[in-house]
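Undergrad: Here is what each chain is made of, one letter per residue.
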Amino acid sequence: MRKQLPKDRIKNFNEVALGMSEEEALKEACRCLFCKKPKCSANCPVEIDIPGFINAIKNKKFSEAIKIIKEKNNLPGVCGRVCPQENQCEGVCALNVKDKPINIGALERFAADWENKNKKARPEYAEAVSKDGLKKKKVAVIGSGPAGLTCAGDLARVGYSVTVFEALHAAGGVLVYGIPEFRLPKEIVKKEVGYLKSLGVEVRTNFIVGINATLKELFAEGYEGVFIGTGAGLPSFMNIPGENLNRVYSSNELLTRANLMKAYLFPEYDTPINIGKKVAVVGGGNTAMDSARVSLRLGAEKVYIVYRRSEKEMPARNEEVGNAKEEGVEFLMLTLPKKISGDDKGFVKSMECVKMELGEPDLSGRRRPVVIDGSEFILDVDTVIVAIGQSPNPVFLKATPELELGKWDKIVINPETQSTNIKGVYAGGDATYGDDTVIAAMGAGKRAAKAIDKYLST
Amino acid sequence: MFKIISNKKLAPQIFKMEIEAELVARKASAGQFVMIRIDDKGERIPLTIAGIDGKKITIVYQVAGVSTYKLTKKKEGEALQDVVGPLGHKTETKDIGTVCCVGGGVGIAELYPVAKAYRSAGNKVIVIIGARNKELVIFKDELSKVSDEMFVTTDDGSDGEKGFVSGVLKRLVDSGKKIDLVYAVGPAIMMKVTANLTRPYAIKTLASLNSILVDGTGMCGSCRVEVGGETKFACVDGPEFDAHKVNFEELMARQLLFKEQEKHACKIRGILQ
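Residue numbers (our numbering), protein chains in the order written: chain W, 1 to 458; chain S, 1001 to 1273.
Misleading hints may appear alongside valid ones.
To be verified - Calculated cross-link-like contacts (lysine-lysine; reagent style DSS-like; alpha-carbon spacing at most 25 Å): (1) K1027(S) / K216(W); (2) K1232(S) / K345(W); (3) K349(W) / K1027(S).
Because the hints were derived from the structure by calculation, they are not lab data.
Since the model is a prediction, treat every value here as computed from it, not as a measurement.
Based on the sequences and whatever the hints tell you, model everything.
TA: Right under this line is the structure:
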């Protein structure tokens, strides 16, 4: 897929990947072998009929293509952009044996973008909603991220009256506060949320379940099923000296300021961000890559990724690592921060690190990094972004002591149905264990919707 | 959208706004705050709830930058884009004896619901408020109604006694007055001085911190502050903390993180700082 050139794109927040033209999409669709037993669909967490929609594109039936996708996926414009297709559909494509796989993500995006350009939110989907009188029951969805939106959409389509409660002022969860504009334009999220609203989903922003209403109060108000998709909104820090200095940010803060609050348009928008010239981003996941690339676009001259293991162990997608490298981000692997030093005004002046080497595999199967004694060095940076992970946001969980939590305060669920220990209450996404990508969260939302429908229909 | 019931000037650069926010009002208590966003381009700013009445909440704000300046231009009948809350822990107001409530600047308004709550819990309430001059002394009538004793200080002596709130507090403590709890809200430096004053007397002291926030729900960590050697988030762990354990130097340094940006934004909009 065509991309903006690195030298240009680091100066703007516009989308990096430019999408396929109709000609390119047709050509790509023609490469599909249309396998009898398509592994791609079997490996899609939301079970899209992939050969089906590719065939529709091949036959220039774009409207049909998006319809096939939307039978399973309420957020095609999002998934076409941010799914790790290389581990899912594209990873098992039969063409991998001899050639490169079909670019399924780009084709999905093409279909979604085609619809956005050619039609408004389509009411004919709403008409497909079941009018089954038995299903007029109310369901509450807590959190409007990918898990919640998927669950809400699927339930609305079979006739439930669904309300999504969102604590922030905009719907989308991590899609609006976390993933940067240049990977996922917020206009796309807005349109896909608009589509869910056209299915009858009500979205209530500025509503914090746990504060404005407790779980018990939701049931008392007539909600009969609840899905919890509250995400991983509590940033982890390293607990090293100097972490509260000015210009040390959690990736959550940097990204929320830049993405949700549009600090890159300051002072036209009112939210500021204070980024220095030399930035160290600590961590090796997609959030670290996003933070590094946002820092460049906010004017940093030098950006480092500081990661304690080697590049092979980095959880970030290869594509994102590649994008960051193309843009000039320097990767300091096998490096562990020890201490951040500040100036007399309390701003970051430098970060002391130590080199690591890989030892024996740990419980996660990755080789454990071990400190090399005497390898301390000073990294000359004036900004540090901590992107080492998040744990579930505690606001709702603390107000809901009856909910069973497991390791790292993640909600304990039955992985087949997403049900929690409370009757009628289901959970998925980053508030539970393991759903660490947008599409995994959506898969969980989908399973929960099926289970909630079953629970409320019997 | 959240309808503005009124927006009145109380003192130079200090305004009081009443907003219709039923969801917030229904659950709000003394000591809690809301996050507001004025319009589509607005930032999320924290404001302490200074009053709750039916579906209405009251906020009192001082012009400190672009957002608060924009707030002054909002008229009755217009609306704020977003209001969410109540956030933070509520003030625990058991009957503990005598509570001395200390407020400075715009913190005086924030002191009002707290003093009221302590009094209705059965405490004897002493209020000490301070401002630069007479014009800036706000909420005097309201506070006098919810206190057993009240002291006013001004830097120039134009109202009450000349000096700072700490002077009165020290005098009370030194005179042997029994004070079981001191509650401080106002500029960080005032809260720091208050904490330093009560520490040697081992009088339990709470401070309501005014950190920089973004989401206000524990998501970003912008408001982190060292309390008793541990990092806490003012939004979800506070905003009240044991003042003797708060690292006020760190709080004050962190409050200046965006000073240059704010200056710039004010300058290009022609807002005098």
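Undergrad: What's the verdict on K349(W) and K1027(S), does the C-alpha distance respect the 25 Å limit or exceed it?
TA: Answer violated: K349(W) to K1027(S) is near 44 Å, above 25 Å.
Undergrad: Given the hinted pair K1232(S) and K345(W), is their alpha-carbon gap at most 25 Å?
TA: Status holds; Cα separation ~21 Å.
Undergrad: Between K1027(S) and K216(W), does the CA-CA distance stay at or below 25 Å?
TA: holds (15 Å)
Of the hints listed earlier, the one the structure fails to meet is number 3.
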